[in-house]
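**Q** The lines below spell out each chain.
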Amino acid sequence: GESVGLHLPTLSVQEGDNSIINCAYSNSASDYFIWYKQESGKGPQFIIDIRSNMDKRQGQRVTVLLNKTVKHLSLQIAATQPGDSAVYFCAENIGGFKTIFGAGTRLFVKA
Amino acid sequence: EAQVTQNPRYLITVTGKKLTVTCSQNMNHEYMSWYRQDPGLGLRQIYYSMNVEVTDKGDVPEGYKVSRKEKRNFPLILESPSPNQTSLYFCASSLGTGRNEQYFGPGTRLTVT
Numbered sequence: 032g033e034s035v036g037l038h039l040p041t042l043s044v045q046e047g048d049n050s051i052i053n054c055a056y057s058n059s060a061s062d063y064f065i066w067y068k069q070e071s072g073k074g075p076q077f078i079i080d081i082r083s084n085m086d087k088r089q090g091q092r093v094t095v096l097l098n099k100t101v102k103h104l105s106l107q108i109a110a111t112q113p114g115d116s117a118v119y120f121c122a123e124n125i126g127g128f129k130t131i132f133g134a135g136t137r138l139f140v141k142a
Numbered sequence: 213e214a215q216v217t218q219n220p221r222y223l224i225t226v227t228g229k230k231l232t233v234t235c236s237q238n239m240n241h242e243y244m245s246w247y248r249q250d251p252g253l254g255l256r257q258i259y260y261s262m263n264v265e266v267t268d269k270g271d272v273p274e275g276y277k278v279s280r281k282e283k284r285n286f287p288l289i290l291e292s293p294s295p296n297q298t299s300l301y302f303c304a305s306s307l308g309t310g311r312n313e314q315y316f317g318p319g320t321r322l323t324v325t
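Quick note, the sequences are listed as chains A and B, same order. Adding 31 to a residue's 1-based position in the first sequence gives its number in my numbering. Adding 212 to a residue's 1-based position in the second sequence gives its number in my numbering.
Hints are computed from structural coordinates only; laboratory data are not their basis. Any given hint might turn out to be false.
[Said to hold, decoys possible] Each computed BS3-like pair below joins lysine-lysine, with the alpha-carbon atoms no more than 30 Å apart:
#1 B/LYS229 <-> B/LYS281
#2 B/LYS269 <-> A/LYS102
#3 A/LYS129 <-> A/LYS102
#4 B/LYS283 <-> A/LYS129
#5 B/LYS283 <-> A/LYS68
#6 B/LYS281 <-> A/LYS129
#7 A/LYS141 <-> A/LYS87
#8 B/LYS229 <-> B/LYS269
#9 A/LYS73 <-> A/LYS129
#10 B/LYS277 <-> A/LYS129
#11 A/LYS68 <-> A/LYS87
#12 A/LYS129 <-> A/LYS99
#13 A/LYS141 <-> A/LYS68
#14 B/LYS283 <-> A/LYS102
#15 A/LYS129 <-> A/LYS87
#16 B/LYS277 <-> A/LYS73
#17 A/LYS73 <-> B/LYS283
#18 A/LYS68 <-> A/LYS129
#19 B/LYS229 <-> B/LYS277
#20 B/LYS230 <-> A/LYS99
#21 A/LYS87 <-> A/LYS73
#22 B/LYS269 <-> B/LYS230
#23 B/LYS277 <-> A/LYS68
#24 B/LYS269 <-> A/LYS73
#25 A/LYS99 <-> A/LYS87
#26 B/LYS230 <-> A/LYS129
#27 B/LYS269 <-> A/LYS129
#28 A/LYS73 <-> A/LYS141
#29 A/LYS102 <-> A/LYS68
#30 B/LYS269 <-> B/LYS283
#31 A/LYS68 <-> A/LYS99
#32 A/LYS68 <-> B/LYS229
#33 B/LYS269 <-> A/LYS99
#34 A/LYS73 <-> B/LYS230
#35 A/LYS87 <-> A/LYS102
#36 B/LYS281 <-> B/LYS269
[As the list claims (entries may be wrong)] To be clear about the criterion: a stretch of chain B counts as covered by chain A if any three or more of its residues have a C-beta under 8 Å from a C-beta of chain A, and this derived list gives those stretches:
#37 247 to 255
#38 265 to 275
#39 297 to 310
#40 313 to 320
On a predicted model such as this, the values are computed, not experimentally measured, just so you know. Glycine residues also receive a C-beta, built at the ideal position from the N, C-alpha and C atoms.
If we strip away everything but chain B, and leave its shape as in the complex, we get (with noise of 0.2 Å):
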């Protein structure tokens, strides 16, 4: 079956504490990317990658990092956490670049205290 998995799916952890996402696809598709869904604020790109080994800021960068050495996977990592972290996480797949459909993974929602 086509899907991207994420795990944990529910995480609580500590100010400070460093944590990895994981997100994986089993589409061979090129583009993958990390957004963060917060109430009323709809859903905003923190990094995306074209490609193995190539990866850029979305829109909200700060305090997330992630690499793609394989191209099914693209972890995202919190070397840091704060509070205004806490929210819930998608990553999602694409053919291509950005401009096909993506395939969400089901997020993780995360709470830093």
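For reference, chain A alone in the conformation it holds in the complex (with noise of 0.2 Å):
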């Protein structure tokens, strides 16, 4: 069936280090791709997306790569800051119409 899933629940890693997360899904359709980044007691925030049609895109501190002939995407952070501690979710897109997210993966941030 549809699915969104992360490989790892949890990442720790070290202030100023690179943190990489991944994701894989399962639907060819999924035409569109976010990272949502979600703090306690908020909603989720966007950080970046991609379409089906790149492999990478980056942003601020932020780079989505796509590969769709292993249907993975992975969000990198670079230089891993205290405030980037959170919950980081992946979905997908179908056709402009449904949003599946994936379970999420808590990254701690160590000083």
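Make the complex out of the two chains shown on their own, each in a separate frame, by following the hints.
**A** Shown next, in the form of structure tokens:
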């Protein structure tokens, strides 16, 4: 069935290191992918997105990579900071209609 | 300030007592959506709306109703709440279709006893 999952439920990194959060998706019809950050007590907040006709997109300190061959998505955060500690969700959108979220990865940043 | 608002933020109710959670956005967005968030399950889409009077089911629509009579509002209705609907609910909106950044509300924590 349709699913978006994450390889690791928690990730702990040292401040200043790079973080990589992975995500697997199963729906070949998905054409838009998004990463969201959710801090405690708040709604998800958009980080970066990528369309299926791209394989890489960069933002400020973040990069999203899309590998459609193996249906894999990753979020790279450069020079991770304490403020990056949160739960990160990948999500896929199918045809502009349904949105499917992964279960989330909790990122801990050690000072 | 561009935002999505939800009311109430917290609600404790009893089984079978109808309730409505309101959602409003001030960004003139066409697409609106409701999600529920449960531990270990991430966010699951309940219903979405592409525009006024256009709604469709997400992955977990059972036990919920929605309406979209105005562009800015997208209320979530639980006609007969049950304990398995205890959850954290988020409303979101985006410009155009769901292929754009979604802006989320602050969430509504619902407990059904």
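**Q** If a hint holds in the structure, say so; if it does not, say that too.
**A** Hints, one by one, checked against the model:
no., hint, result
1, B/LYS229 <-> B/LYS281, "holds, 23 Å"
2, B/LYS269 <-> A/LYS102, "holds, 25 Å"
3, A/LYS129 <-> A/LYS102, "holds, 18 Å"
4, B/LYS283 <-> A/LYS129, "holds, 19 Å"
5, B/LYS283 <-> A/LYS68, "holds, 27 Å"
6, B/LYS281 <-> A/LYS129, "holds, 20 Å"
7, A/LYS141 <-> A/LYS87, "holds, 28 Å"
8, B/LYS229 <-> B/LYS269, "holds, 23 Å"
9, A/LYS73 <-> A/LYS129, "holds, 22 Å"
10, B/LYS277 <-> A/LYS129, "holds, 17 Å"
11, A/LYS68 <-> A/LYS87, "holds, 19 Å"
12, A/LYS129 <-> A/LYS99, "holds, 19 Å"
13, A/LYS141 <-> A/LYS68, "holds, 18 Å"
14, B/LYS283 <-> A/LYS102, "violated, 35 Å"
15, A/LYS129 <-> A/LYS87, "holds, 23 Å"
16, B/LYS277 <-> A/LYS73, "holds, 24 Å"
17, A/LYS73 <-> B/LYS283, "holds, 24 Å"
18, A/LYS68 <-> A/LYS129, "holds, 19 Å"
19, B/LYS229 <-> B/LYS277, "holds, 14 Å"
20, B/LYS230 <-> A/LYS99, "violated, 44 Å"
21, A/LYS87 <-> A/LYS73, "holds, 28 Å"
22, B/LYS269 <-> B/LYS230, "holds, 20 Å"
23, B/LYS277 <-> A/LYS68, "holds, 28 Å"
24, B/LYS269 <-> A/LYS73, "holds, 25 Å"
25, A/LYS99 <-> A/LYS87, "holds, 11 Å"
26, B/LYS230 <-> A/LYS129, "holds, 27 Å"
27, B/LYS269 <-> A/LYS129, "holds, 8 Å"
28, A/LYS73 <-> A/LYS141, "holds, 22 Å"
29, A/LYS102 <-> A/LYS68, "holds, 21 Å"
30, B/LYS269 <-> B/LYS283, "holds, 18 Å"
31, A/LYS68 <-> A/LYS99, "holds, 23 Å"
32, A/LYS68 <-> B/LYS229, "violated, 34 Å"
33, B/LYS269 <-> A/LYS99, "holds, 27 Å"
34, A/LYS73 <-> B/LYS230, "holds, 26 Å"
35, A/LYS87 <-> A/LYS102, "holds, 14 Å"
36, B/LYS281 <-> B/LYS269, "holds, 17 Å"
37, 247 to 255, "holds (count 5)"
38, 265 to 275, "holds (count 3)"
39, 297 to 310, "holds (count 5)"
40, 313 to 320, "holds (count 7)"
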